[in-house]
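With chain F held as given, fit chain X onto it using these hints.
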Amino acid sequence: MLIYTLFAGILFGLYFSLVGLGLNLVFGVMRIVNLAHGDFLMLGAYLAFWLYTLSEINPVAVIPLAFALFVLIGLPLYYILVPRLLAAKDPEMLSIILFFGLSQVIEAVAGIVFGRSERSIPGGELGRALAGFVNLFPGANMESGPVEIFGQTFPAAWVVAGIASLLAVLCVYLYLYRTRLGALTRAVMADREEALSTGIDTHRVSAIAFAIGIALAAIGGVFAPFMLGSITPAMGVEATVTSFAVIVIGSLGNPLGTVLGGIIYGVSYMLMQSYLSSWANLLPYLLLIAILLVRPSGLLGRQVRLA
Amino acid sequence: MRKILSPRLLRDAALIIVPVIAIMAILPSFYSNHLLLFNFVVFLTLAQGVNILYGFTGYLPFGYVGFFGAGAYGFSIAVLHLKAPPLAALVAAGAAAGALGLLLAPLLRLSGAYFSIANLAASLAVLQIISNPNLEDITRGPYGISLSGVFSPTLAYAMALVILAATLLFVAYLRSSNFGLALQAIRENLFSASMAGIDVVRARMIAWLACALVAGFTGGVFAWYVSVFFPETVFGAEFSIFAIVFALFGGTSTLLGPVVGVVILYGVYNVIGVSAPQYFQLIYGFLIMALVLFLPNGLTSLLQRRGIDVP
Chain F
1 MLIYTLFAGI
11 LFGLYFSLVG
21 LGLNLVFGVM
31 RIVNLAHGDF
41 LMLGAYLAFW
51 LYTLSEINPV
61 AVIPLAFALF
71 VLIGLPLYYI
81 LVPRLLAAKD
91 PEMLSIILFF
101 GLSQVIEAVA
111 GIVFGRSERS
121 IPGGELGRAL
131 AGFVNLFPGA
141 NMESGPVEIF
151 GQTFPAAWVV
161 AGIASLLAVL
171 CVYLYLYRTR
181 LGALTRAVMA
191 DREEALSTGI
201 DTHRVSAIAF
211 AIGIALAAIG
221 GVFAPFMLGS
231 ITPAMGVEAT
241 VTSFAVIVIG
251 SLGNPLGTVL
261 GGIIYGVSYM
271 LMQSYLSSWA
281 NLLPYLLLIA
291 ILLVRPSGLL
301 GRQVRLA
Chain X
1001 MRKILSPRLL
1011 RDAALIIVPV
1021 IAIMAILPSF
1031 YSNHLLLFNF
1041 VVFLTLAQGV
1051 NILYGFTGYL
1061 PFGYVGFFGA
1071 GAYGFSIAVL
1081 HLKAPPLAAL
1091 VAAGAAAGAL
1101 GLLLAPLLRL
1111 SGAYFSIANL
1121 AASLAVLQII
1131 SNPNLEDITR
1141 GPYGISLSGV
1151 FSPTLAYAMA
1161 LVILAATLLF
1171 VAYLRSSNFG
1181 LALQAIRENL
1191 FSASMAGIDV
1201 VRARMIAWLA
1211 CALVAGFTGG
1221 VFAWYVSVFF
1231 PETVFGAEFS
1241 IFAIVFALFG
1251 GTSTLLGPVV
1261 GVVILYGVYN
1271 VIGVSAPQYF
1281 QLIYGFLIMA
1291 LVLFLPNGLT
1301 SLLQRRGIDV
1311 P
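Which chain is which? The protein sequence lines are F and X, in order.
For what it's worth, this note's numbering labels the leading residue of the first sequence as 1, then goes sequentially.
For what it's worth, this note's numbering labels the leading residue of the second sequence as 1001, then goes sequentially.
Since the hints were derived computationally from the structure, they do not count as laboratory data.
Take the hints with a grain of salt, since some may be wrong.
[What the hints assert, rightly or not] Restricting the straight-line Cα-Cα distance to at most 20 Å, the calculated cross-link-like pairs of lysine to any residue (SDA-like) are:
1. Lys89(F) x Ser1111(X)
2. Lys89(F) x Asn1297(X)
3. Lys89(F) x Arg1305(X)
4. Lys89(F) x Ala1185(X)
5. Lys89(F) x Glu1188(X)
6. Lys89(F) x Leu1190(X)
7. Lys89(F) x Arg1306(X)
8. Lys89(F) x Thr1057(X)
So here's chain F without its partners, still in its complex pose (with noise of 0.2 Å):
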C-alpha cells in the first residue's frame, strides 16, 4: 500500500511538474502571474479530446501538435497583452488581474463553444500506444493495460503521462542550459534591465518564452482527461491553482525546482488521498502557504521574495 502510494505520487509528481513548468517560465521570465495558465491547459484538453473522438487520433500523437499550435497562439498573444502590461506602473499585480479577464474569457469561450457538459477520453487509449512503442523494439512483446513496477500494477495511462512529462522537463531544461537562446532566456530571468542593456532582445526572448508556456500548459492538458479526471471549460480555477502549489514549492525559473516541487505535490497528495482522503482537497493550499511562509524562495531557490 504504501509502496504503491509512492510510486502513484511519484507519477503524478512528474506529471504535476508538467502542469507547474509553463506557469513558472512564465513568471520567471517576465515576471507576471498567467492566471489563465489552467485555461489553457483546458484547451489543450479540449484539443485531445475533440481529434480522438473525430478522427481516433491518439492523444500521444496530439502533443506536438498541440506545441506548435499553441506557440503559435502564444507568440501572438503575447506581443498584444504584456509589452503594454509591463509599461504600467505595477506589472506584477496587474498582471494578475489581466490574466484574470483572460481566463474568463477562454473560459466563455469555450463555455459557448464546446458546451458544459463533462468529457473523458477512455484510459486505455495511453496503454495502446505505449505497448505499441515498446513493441517497436526487437524482440518486446507488450500488451496493452497496466504496466506492472516492482510488483505494484499502475494504469497505463499514469506511466506515460509521468514519462512524457520527464521528456518535457529534459527538453526544457536543454532549451534553457544548452541552447543560446536559453542563455538570453535565464539573462533576462536574472535581470531584464541590464539584459536590455547589453543588448537583448528582451521581448523577442520573452515571447519565445511565454509561448513555450502556454504550449507546455495545452501539452499538460493533453494528458488531463487521464491524470485530473474529466475536462470542462471551467477546469482552468483548480489547474492553475494546482500549478501554483507546484512552483512554489519548487522555486521560481528553476525547471529541476519544479520537477522537486511537482514530486513532493504528488507523493503528499496520494498519501494524503490513501490516509485521510476527506482533507486531501486541502493540502495544496495549506502546503502552498506553509511554503511561502517558512522558505519563500522555494526549496531551491534563492532570497528574492520578502517584503
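The following block gives chain X in isolation, referenced to the frame of chain F:
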C-alpha cells in the same frame, strides 16, 4: 500633527460619504428590488475595503472573500450555537474576520504576487475547512446554513449602511491623516519610510486588520440578510474579484473611484446578467482586460491627470 477633522476629510464627507449614504438610504422606498440594492451596498463596502489595503499599502488581497466568509460564518455560528441576538452576532462576525486576519498576518511578510497567491490559497483553505463534512456539527459542513429565526432584512440593510458609512469614513481618514500618508510612504519605499521613523509593521498591521474587519462585518450582515446560504456562496471567488475589479476600475486611494467602479460595473453586470447571461462572462473578461491595458490607474486618473484633486 494635523487635526483629525481636517478640511480634506470634511470635503470628502460632504462630496461623497453623505450623498452615497443618503442615496442608498432613500432608494429602497422608490425601487422594489431590495436584494439588488443590498448587493450594491455590499460591493460598495467591499470595494472600499480593498481600497484600504491596495490603495494605501499596495497589497492586493486576492483572497479577500476569506474574511467575508469568515464573517458570515462567525455570525451564523453565534446565532445558531450561542443563540446570540443579531447585533451581538455581528460582533462575532467582526471577531472571526479579525482572528483570521491575525492568523494570516505573517502573509504580510510576502511581497507582490506572492502575497496575493498566498491570500487566495488561504481563502480556499478556509472554505475547505468550513465545508468539510467532518465539521458538520459546528459549521453544517457543505449543507449550508439557515438562519430563519433572525430574518430581518430592513434592520440588516440599515446595519449594512452603518458599516458602509464607517468604512467610507475610515478611507477618508486615511486620505487626510498622517497615518494614511505613512502607509503610502511605506508602499512607495519601505526603507525610506522606515528611516523616517514610521513603524512599518504596526502601520501595515492596522491597515490589514481594518481591511479584514470591513469584510467580516459585511459578511455578517450578508448572512443576516440572505439568511440561507452555502459555503460556496459566501466564499465565492467572485466577491474578491468583483471587489478588486470595481476598486481598480474606478481608481484606488480615492473615495470616489471605488464608488464609481461599483455603480458602473455592477450596474453593467446586472444589465447583461439579465439580458444576455450566456455572453456575460465573455464581455466581463474583455472589459477587465481592456481596463488593465488602457486604463491601469482607473477612471479617476483621467481627472487626476488634469490636476483635479479627486475626493
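Here is how each hint holds up against the structure:
1. A distance of roughly 16 Å separates the Cα atoms of Lys89(F) and Ser1111(X); the hinted pair therefore holds under the 20 Å criterion.
2. Distance check on the hinted pair: Lys89(F) and Asn1297(X) sit about 9 Å apart at the alpha-carbon level, within 20 Å; holds.
3. A distance of roughly 15 Å separates the Cα atoms of Lys89(F) and Arg1305(X); the hinted pair therefore holds under the 20 Å criterion.
4. Under the criterion of a C-alpha separation no larger than 20 Å, the hint pairing Lys89(F) with Ala1185(X) is consistent with the structure, at around 16 Å.
5. At roughly 11 Å between alpha-carbon atoms, Lys89(F) and Glu1188(X) fall within 20 Å of each other, so this suggested pair holds.
6. Distance hint between Lys89(F) and Leu1190(X) is fulfilled; the C-alpha atoms sit about 17 Å from each other, no more than 20 Å.
7. With a C-alpha separation of about 19 Å, the suggested pair Lys89(F) and Arg1306(X) falls inside the 20 Å cut-off, and the hint holds.
8. The straight-line distance between the Cα atoms of Lys89(F) and Thr1057(X) is roughly 15 Å, inside the 20 Å bound, and the hint therefore holds.
The structure meets every hint from the earlier list without exception.
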